[in-house]
Structures are given as structure tokens and as C-alpha cells.
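J.: Let's have the full structure, built from the sequences with the hints guiding it.
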Amino acid sequence: MDEAFAVEERNHGDLVHVVVRGELDVATAPTLREHLHATVDGSSGPVVVDLLAVTFIDSTALGVLIGTKELADERGTDLRLVIEEARIIKIFEITGLTDLFSISATVAEASAR
Amino acid sequence: MTGSGDPSGEVRTMSEPVELCIPVQSDLIVLARLTAATVASRAGFDVEEVDDLRLAVDELCVLVADGGTSGRLTLSFITDGDVVEVICALDGPAGVEEEGHPDEHGERELSVRILDALVDEHGDEFDDGQRRGWLRKRSVRHQPS
Chain F
58 MDEAFAVEER
68 NHGDLVHVVV
78 RGELDVATAP
88 TLREHLHATV
98 DGSSGPVVVD
108 LLAVTFIDST
118 ALGVLIGTKE
128 LADERGTDLR
138 LVIEEARIIK
148 IFEITGLTDL
158 FSISATVAEA
168 SAR
Chain L
1084 MTGSGDPSGE
1094 VRTMSEPVEL
1104 CIPVQSDLIV
1114 LARLTAATVA
1124 SRAGFDVEEV
1134 DDLRLAVDEL
1144 CVLVADGGTS
1154 GRLTLSFITD
1164 GDVVEVICAL
1174 DGPAGVEEEG
1184 HPDEHGEREL
1194 SVRILDALVD
1204 EHGDEFDDGQ
1214 RRGWLRKRSV
1224 RHQPS
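Sequence order for the protein chains is F and L. In terms of the working numbering, the first sequence is numbered consecutively and its last residue is 170. In terms of the working numbering, the second sequence is numbered consecutively and its last residue is 1228.
Rather than coming from a laboratory, the hints here were simulated on the basis of the structure. Here a beta-carbon is modelled for each residue, glycine too, at the ideal position from N, C-alpha and C. There's no promise every hint is true.
As the list claims (entries may be wrong) - A short list of chain L residues far from chain F (calculated; beta carbon distances all over 10 Å): (1) 1207; (2) 1209; (3) 1217; (4) 1219.
To be verified - The calculated label-pair distances, taken between Cβ atoms and stated as ranges, are: (5) F:166 - L:1100: 45 to 53 Å; (6) L:1106 - F:166: 39 to 47 Å; (7) L:1117 - F:157: 27 to 35 Å; (8) F:70 - L:1213: 50 to 58 Å; (9) L:1153 - F:127: 28 to 36 Å; (10) L:1108 - F:110: 19 to 27 Å; (11) F:135 - L:1125: 44 to 52 Å; (12) F:156 - L:1108: 29 to 37 Å; (13) L:1104 - F:71: 49 to 57 Å; (14) L:1105 - F:144: 23 to 31 Å; (15) F:65 - L:1104: 35 to 43 Å; (16) F:135 - L:1100: 47 to 55 Å; (17) L:1102 - F:132: 43 to 51 Å.
T.: This is the structure in C-alpha cells:
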């Protein structure tokens, strides 16, 4: 059974690690937007959005990530994504978003960038 | 179920359509995805193709509902041999004029790109006061069930 949607934030010094789980769709996108925008607004360092436990993502959730990236750029915040699952990467590739985002396969790699 | 021949001599099997009618509520789109996955799996699609159809149907629902929050979506899933066709019709107002319409970051364009990549054909129309979308996906790794 798919993991339920959840967002959890962990602070490591200036770096904020946001763990997202479950399905990201039209139902969960508003909550995701609220969390990510608040995190970017309150952050003084890089924000690592960990999508390793995400089991589904659609265009509405991609829109949230694009909006968060725009907000991060305005604030001068470095936004990094962590994705390993091939079927999630595939959605970023077919929508041309791999060029927009900094994407790593592990949290350690994203944190070290 | 009914069977019919085709020029190659292969027997094609057309199943009874599966229909799903849900209120336009964001937390119920998951039912369309679950139905898509079940229909694709029963039609012999492999795991990747099932995932593709699940996402494509989600995008079709999002496009047809168009940010609306009222009315009903009726989905018909038709299996014909190695092809699954899905028709999604909105009975109620589309959301283009509603406050907070979620196309701020080009989500509609993203939906179309996803559908272009994942299915063989898709389209949408506004006819007789009703918004309707459809898609067709053929399995290239079809395993007859």
C-alpha cells in the first residue's frame, strides 16, 4: 500500500532538509505548497527537498515545485531536489524540468553541493 | 466479453466498459488512478505501462475538471485487445473562471506534455455544454490475460 502523504522538516545548521512522502497530486499539492513556501521564507541556507519516499507525482505537484523554485530564486535561496526513483525522474524528464532543478540521487550528495 | 478477429489472424478481445462516476473533489481523483491501474493490469499491460496509464488518467481528470470543484466526472475505460481507451466527461461547470484556478505555473502545459509522452493519442473538446477528454494507450508488451 502506498505511504500516506506527509511533510517533515529537519534542520542541520543552516541547511533545511524537507522529507516528503506519499502521493503528490491535486489533493496534496496545496499542503505541499504551504510547507515548502513557509520553509523557503524562513530559511537562511539551502533547502533540500527529499522526494525519495514519493510514490506518485503529477502536473499540479510539479507546479508547486516550480512555484517554490521561483520563490527560492527571489529570496536567493538554493533549492535542491533529491530523487532516485526512475518513474519520478521520468516525469521530470518528459516535462523538461531536469534543466530547471538541481537534482541529486541522495540527500548526502544534495547537502554537499 | 466478446471476441473478434483481425486481419493478422490474432483474436482481439473487447471487454465490457468499466465506468466510474465521482464528484469533482481533489481527494477522489485517486479513485480514477486506482481504476486505471486495475483496468491496465487486467488488459495485460506491464508495470511501467500501468504506471503510465495511472498518471495519464490523473492528468486527463485534472485537465477536464480544469480547477473546478463542483459537478461530476464520469470516466469510461474501454479495453480492446492491447488498447485501453479512457473517456472523461465533466457534468458541471469547468473551473476556468473560479478563483484560484491552478494554472499559475503552466500546469496545463505540463499535463499536455505528460499525456503526449505517455499515451498514443489524446484530446479534449467542449461540446454541447460538456467538457470531455479522451486518451488511448496501446501496450507494446501486452501479455494476454
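J.: All the hints need checking, so say for each whether the structure fits it.
T.: Against the structure, the hints:
A cut-off of 10 Å between C-beta atoms confirms that residue 1207 of chain L is not in contact with chain F; the least separation is 14 Å. No Cβ of chain F comes within 10 Å of the Cβ of residue 1209 of chain L; the nearest lies about 20 Å off, and the non-interface call holds. Taking the minimum C-beta to C-beta distance to chain F, about 18 Å, the non-interface status of residue 1217 of chain L holds against the 10 Å cut. With a least beta-carbon separation of about 18 Å from chain F, residue 1219 of chain L lies farther than 10 Å from that chain, consistent with its non-interface assignment.
A hinted range of 45 to 53 Å holds for the C-beta pair residue 166 of chain F and residue 1100 of chain L, which are about 47 Å apart. Between residue 1106 of chain L and residue 166 of chain F, the C-beta spacing of about 43 Å keeps the proposed range 39 to 47 Å intact. Here the CB-CB span from residue 1117 of chain L to residue 157 of chain F is close to 31 Å, well matched to the stated 27 to 35 Å. One distance hint, 50 to 58 Å for the beta-carbon pair residue 70 of chain F and residue 1213 of chain L, holds here, with the actual separation near 55 Å.
The given range of 28 to 36 Å is respected by residue 1153 of chain L and residue 127 of chain F, whose C-beta atoms sit roughly 30 Å from each other. Checked against the hint of 19 to 27 Å, the pair residue 1108 of chain L and residue 110 of chain F passes, with Cβ atoms roughly 25 Å apart. Roughly 46 Å separates the CB atoms of residue 135 of chain F and residue 1125 of chain L, a value that falls within the hinted 44 to 52 Å. Here the CB-CB span from residue 156 of chain F to residue 1108 of chain L is close to 34 Å, well matched to the stated 29 to 37 Å.
One distance hint, 49 to 57 Å for the beta-carbon pair residue 1104 of chain L and residue 71 of chain F, holds here, with the actual separation near 51 Å. Distance hint check for residue 1105 of chain L and residue 144 of chain F: the Cβ-Cβ separation is about 25 Å, which falls inside the suggested range of 23 to 31 Å. A beta carbon spacing of about 36 Å between residue 65 of chain F and residue 1104 of chain L agrees with the range 35 to 43 Å that was offered as a hint. Our hint of 47 to 55 Å for residue 135 of chain F and residue 1100 of chain L holds, since their Cβ atoms are close to 50 Å apart.
For the hinted restraint 43 to 51 Å between residue 1102 of chain L and residue 132 of chain F, the CB-CB distance of approximately 48 Å keeps it satisfied.
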